[in-house]
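Residue numbers (the numbering used here), protein chains in the order written: chain A, 1 to 304; chain B, 305 to 600; chain C, 601 to 1014.
Any given hint could turn out to be false.
Residues on chain A that point at chain C, a partial pick, calculated with CB under 7 Å [claimed, not checked]:
#  : residue
1  : W81
2  : S83
3  : C85
4  : L88
5  : G91
6  : S157
7  : G163
8  : T164
9  : M165
10 : T166
11 : I242
12 : N256
13 : E265
14 : K266
These aren't lab readings, by the way, just hints derived from the structure by calculation. Since this is a predicted model, take the numbers as computed values, not measurements. The beta-carbon is built from N, C-alpha and C at its ideal position, and this holds for glycine as well.
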Amino acid sequence: MLQATSRATAANAVEPSGPRPRSVTAGRVGLYVFLAFAALFFLLPMYVMIVTSLKTMGEIRIGNIFSLPTEATIEPWIQAWNSACTGLNCGGIKVGFWNSVRILIPSVILSIFIGALTGYALSLWRVRGANLLFAVLLLGAFLPYQVFIYPLVRIYSTIGIYGTMTGIVVTHIIFGLPLMTLLFRNYYASLPIELFKAARVDGGGFFQIFFRLMLPMSTPIVIVACILQVTGIWNDFLFGVIFAGRENLPMTVQLNNIVNSTQGEKLYNVNMAATILTALVPLVVYFISGRWFVRGIAAGAVKG
Amino acid sequence: MKPRRRKNVASYVALIPAFIIVVFAYLGTMLWTVQISFTDSKLLPSMNFIGIRQYERLFATSRWIISLENMVIFGIGLILVCLVLGFLMAAALDQKIRFENTFRTIFLYPYAMSFIVTGLAWQWILNPTLGVQQYVRNLGWTNFQFDWIVQNDRAIYVVIIAGVWQASGLVMALMLSGLRGIDQELWKAAQIDGIPAWRVYLNIVVPMMRPTIITSVVLLSLAVVRVYDLVIALTGGGPGISSEVPAKFILDYLFGRSNIGLATAASSVLLVIVLVIITPWLYYEYFRPERAKGGK
Amino acid sequence: MKRVTRVLLGAVAMVGLVVGVAQADPQKAEVFHWWTSGGEAAAVQEFAKAFNAAGGEWVDTAIGGSGSTARPIGINRIIGGDPPAAMQFNTGKQIDELVAQGLIRNLDDIAEKEGWKAALPPAFYEAVTRDGHVIAVPVNNHGQNWVWYNKAVLEKAGIAEPTTWDEFFAAGDKLKAAGIIPVAVGGQPWQLNLMLNAILLSEGGKDLYLKVYKDLDPEAVKSPEFKKVAEIFGKLRDYSDPGNPNRDWNVATGMVISGKAGFQFMGDWAKGEFVLANQVAGKDFGCILGPGQKNFIMGGDVFIFPKLKDEAGTKAQDLLATVMMSKDAQVAFNAKKGSVPVRLDVDNSALDACAKIGVEVLQDPDKQIPAADILASADVVQSLTDVVAEYWANPSMTADAFIEKWNTAVDQAK
């Protein structure tokens, strides 16, 4: 146990560990210049989106995408959240917000749990055919999602979960499984094997070791998994709209209906605002867990 | 260690969900896809087999060939640039930098954004009459040219730029954590020996981070094979069909053009390509019998 | 008794076993469509109002996009046994398979009672008829071959509305000289295809158009007339600007509105953009069917009615179909949608100047031209858009090479 603790501490060290800076040198200035330019590259589209979202459509039609709004208005933001029409219902993107949350929470928890369990069984236990199972899983991850729709709809309607909350959660578990398994498999394989052996000698069973030893040590990788899954599931449109049923449509359906129109008029300012608003939940998750995010990947990826 | 000791009924029980998912969802769908690719399915899947006609059409279609070429260009470009840029950003952030949190968030945020609209911002920025080119020209450099997005042979590189924007933050985060796992002593020792920092990075740090790099490559490869939103939002596959990609081909035929047979044939080809590429790696990483469990 | 329908070999779906809550109330009908933007939604609202006033209850399910997003979702709901009462669909061959599988209702009784055959343009009636049965309700008629122009810009450059292609290019040269982009092009494949079809009809004429799309006749495509069409299309590259690739159509319309560009080829939905910018048809902006021969390419949407298990749901469908085709609802819906009513026997006095031109042309059955999607399969039409886009984006491709690619694409996809 001691070993595990010390190891976890080492992995959790977030202090920069690179070569120690000397004084202000040309290299140091160059470093900041590089970072500043990189930041500029990353922020440019965000800048365009924000200024566009604050302009009136008349001003957007003029076509100066970099200019600041002459008369800034937050009307597009209010409209995007509250009153943009997404069909007959003009309630903006807020309509599906709670549905998204209700889909997100069980999907994230269950997909991570099953991924962790699978990764644990595959990395520390000898299971016949385990490698084949894993290979098929990884290969399947490369098929376009859309191809899955036709067979899955038939399977779901046969077993009676088509168009239900269960259906959408199961779908997210299915598509989260390859990546989650990969993450946890690598993570558990990188832990000191002695820990596991000791637990076995002490008579720990499969699930006992998983719940008492492995899961408590998995915090960092769970955070990583959380961030990947929250982003993926929150932004999902296709599965939500097909498998969740009318009553449970996620927020991205509203976003799609606002943004994605061929022959109708396009309110670019509202579209930009709606997109930023929809991304807020994953952004908040990044922000809160940013510290652990890096820490978690450290622990998982140091040894593959 | 004797394998017998780690065999356990419970381990099989624990794998039941994964087993069901793999058999019904993944294996089932893969077999279904291959099977349908030999039929003449249009709007609805049918079982009217027509041999390899869909494959003949597929490889006689210039758009599919261009799509495959573009996937290779995009794949090489995206993976290389993301790895290099991700590593550089991570190494830069790892130098006891001020505002590290801010920088990291800035590099990472594109990953959270839906690309349908973010892509529109990119499309405008890259458009020669709306974006950067016009802006710089208005500043006085009237000969400035940056119009790759409207050039047949350059458009795919623009997709790489936006792809890098979206994905390199994640790679940076992975790399940064890899760097954080490296022993402080290494730097002290190098400093005492007077070895320049760049050589330590190149000769010691990068090889040590091999697992991180592999994780990044797998993540990026998935993005490469599935690339769709980026192309739709930026170029729409154009100019003409010059920046088409396989996933867009498959989706267009699956949904818009109601030719499920051709779409599944294309998916099957894609699957075979992936299989050919990843099998040696899978074997090397996970199948070698002599590989000791629990790290190397 | 439960009737298990074998929808597909190898996979059994139970159609109608799961009857959605939507059908619990006698006159409740869930309507599935992809009209989500402001103007479109306002149009749908007219249908909903009329349906609710007639004793129904409209349950709205909207999935935005061009239809290729929504259509597979709706189809999977039908297959999965949870069909909506009515679903928007593209007019065209895609309905055939649903009909063949027995998934959608035939509406013969209502069509007969309401006299649809007499009221609709023959091409539209034909488009919703399979083996003599009416299987869908057409709701709107969108003219696809309009040319829009900025009146002030043309006036200033001393240009009259062009009536031939020579005049059109002469006008383009004048605009160029004045520093104005002659044609605002949105270089997305579907937009380019509309432009080509407009040229095909105005230069090549109705017969060539029908031979090319209806008969898929390779000889017609090889004819000198078609080559001329291809050359005019190719020539337009020199009259557009380098920023055209992947430009949204409404950005192109914006260029005409702001006077940066003179003309735009686009369907009548472009009017919505002009109206949003407070411009008036016939005063600030003009519209041409042509230049050259005046015909009207009729596109539009239909609603199909999936077979439902319960009687109440079916009754609600009857009511909905009747309401959608009623004169009042047609006028109200299409006024908001920017299209013209599918019925030719309604009062069109409230229409704007451009729509009036369209309605006038439509009075002549000879000038009612079905859109390419109605005539050929989606696979053929959209595979051709690839060819058109490739040709547009590659100025070094000759018209002959284009023609050859066209025929190859048709051959593969038909």
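Right, here's what the structure says about each hint:
Hint status for W81 of chain A relative to chain C: violated, with the closest Cβ pair at about 16 Å, above 7 Å. For S83 of chain A, the interface hint is violated, the least distance from its beta-carbon to any beta-carbon of chain C being 10 Å, above 7 Å. A distance limit of 7 Å between C-beta atoms decides the matter here; for C85 of chain A the minimum to chain C is near 4 Å, and the interface restraint holds. Given the 7 Å rule on beta carbons, the hint for L88 of chain A holds: about 4 Å separates it from the nearest Cβ of chain C.
For G91 of chain A, the interface hint is violated, since its Cβ never comes within 7 Å of a Cβ in chain C; the closest pair sits about 12 Å apart. Annotation: S157 of chain A was flagged as interfacial toward chain C, and the flag holds, the nearest CB pair being 4 Å apart, inside 7 Å. At a threshold of 7 Å, the smallest CB-CB gap from G163 of chain A to chain C is about 5 Å, leaving the interface hint in force. Because the smallest distance between the Cβ of T164 of chain A and any Cβ of chain C comes to about 10 Å, over 7 Å, the interface hint for this residue is violated.
For M165 of chain A, the shortest C-beta to C-beta distance to chain C is roughly 14 Å, which exceeds 7 Å, and the interface hint is violated. The closest approach between the C-beta of T166 of chain A and any C-beta of chain C is roughly 14 Å, which is over the 7 Å cut-off, so the hint fails. With a least beta-carbon distance of about 6 Å to chain C, the hint placing I242 of chain A at the interface is held under the 7 Å criterion. Because the beta carbon of N256 of chain A sits about 5 Å from the nearest beta carbon in chain C, less than 7 Å, this interface hint is met.
This hint holds: E265 of chain A has a C-beta 5 Å from the nearest C-beta of chain C, less than the 7 Å allowed. For K266 of chain A, the shortest C-beta to C-beta distance to chain C is roughly 5 Å, which falls under 7 Å, so the interface hint holds.
Against the hints set out earlier in the document, violations occur for numbers 1, 2, 5, 8, 9, 10.
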